[in-house]
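Undergrad: Chains as they are written, first to last, in numbering that gives the first Met the number 0: chain H, 0 to 258; chain W, 0 to 258.
Treat the hints as calculated values from the structure; they're not laboratory data. Just so we're clear, the structure is a prediction, and the values are computed from it rather than from any experiment. Mixed in with the good hints there might be a few duds.
For chains that are exact copies, the list does not tell them apart, and a pair is met inside one copy or across any two.
[Said to hold, decoys possible] SDA-like cross-link-like pairs, simulated, lysine to any residue; straight-line CA separation at most 25 Å: (1) K159 <-> L225; (2) K159 <-> T195; (3) K207 <-> A245; (4) K207 <-> F240; (5) K207 <-> P40; (6) K207 <-> R111.
2 protein chains.
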Amino acid sequence: MTYCVGLLLDDGLVMASDSRTNAGVDHISSYSKLHLFQPGPDRYFVLLAAGNLATTREVVDRIRRDLDRTTGFDAGGAPAETLATVHYLFEAARYVGRVSREVQLLHGPALREVGAAPEATFILGGRIGHEPPALLLIYPQGNAIAATPETPYLQIGESKFGKSSLDRFARRSLSLEDGARLCLVSLESTARANLTVAPPYEVVLCPKDWMGPSQRLRLDERDPDLVALTESWETGQRRAFESLPAFAWEAPAGGNAAT
Amino acid sequence: MTYCVGLLLDDGLVMASDSRTNAGVDHISSYSKLHLFQPGPDRYFVLLAAGNLATTREVVDRIRRDLDRTTGFDAGGAPAETLATVHYLFEAARYVGRVSREVQLLHGPALREVGAAPEATFILGGRIGHEPPALLLIYPQGNAIAATPETPYLQIGESKFGKSSLDRFARRSLSLEDGARLCLVSLESTARANLTVAPPYEVVLCPKDWMGPSQRLRLDERDPDLVALTESWETGQRRAFESLPAFAWEAPAGGNAAT
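Start from the sequences, fold in the hints, and give me the full structure.
TA: Here is the structure:
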């Protein structure tokens, strides 16, 4: 399993992922699930991937191959669809969805024979031209939904454990740095509850006027920033728990009793 | 869906549940999922139920019917197995598991014809005689696991959203009241993230030397204790988030910057 989260803020995009992959409990390793594409000065894309690791790997490889074939034309003579040729981010999402479907259709029958699933889910963030940054979640079926002002975050993978902090704090008005802290808190809550999610965590911060990330972090478990953040969150949680109000029947001498 | 949680503490048992049930998003209502049985002066049982509502309802009805037939004997002449006749809590769990299997086998074929599932899962807490309180999770297959000193909590239903606070704070040494606050925090995190979990919340506190609950709470969303607890937790969460340390690159003028 894995856990990836993206935030669409007034100030830009924040996207984050863990790096744990597993095929059963005895085959655990670390793979990046955050992929940056900058195929031209007028565009950039950040792709987060969850699901079958072979599917997501081949999708990323096909995207890169399609970009290498910059002079390619399809059968009708139109420029072949790639991340370099699409005009809108929703077209980029449709393209990634199509590539994902192709890979799943290729390997699906053999996988299903052994009870495995070829599915993969993606979050795509980025900008093209003068459009503001956008953030989309691409389903295994190839269709996509977008982050909106009302729902500024998207999650894929093991998403339930880290959802409550997002519900509480995810607002369009957060700074990119607060957004990054929120993503890390959400990742930490998930990693704490589920062995299949773990550091290193990757985080990108993409200011709304930039054509790419201003910061790209890779925080392993000994990283001073991550240690400080985790300890601070832990302390804050403990304070919150210890200051919960007493029930009416508790004696005033109790540590939590109000006077 | 539903969410129930039980804690096995040095001081006794705390068990809690929400009251929301749903069959699709347009058929939502409120049912108690916390059932108390006190079939004799030497024993008590608290049963939390999640899964198919008709299954859990019939399991509870059968348990009560079996208790009514206090003079019953099985075909071999031994006293029929009921919550009044078992000698250990694990035998009570096996009995509930058997009743659950019987109900599932009765209705399963008809349910599966329409794509519905008959499964139900239970948490059983209680005491018999001089044994200390115990807490078991009964699977739909009828087998059961127990809470232990290392894992003092058990969850059923929509368990992921509320797990991180349990992982953080669930310790055998918690007071019953702190355990109740922890269960309510876990319920609130779940209700916030998932429409199918909602108040009223039911909570019982069972001191280790009692033969039943010392407190039985039913907190609807306007209950002053629940409102105070939720607001306090919300404030504590916000303080924890706002006091997270700044990243190295942030200007000292930033609200979170350390000096």
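Undergrad: Hints numbered earlier in the text: which of these fail when held up against the supplied structure?
TA: 6
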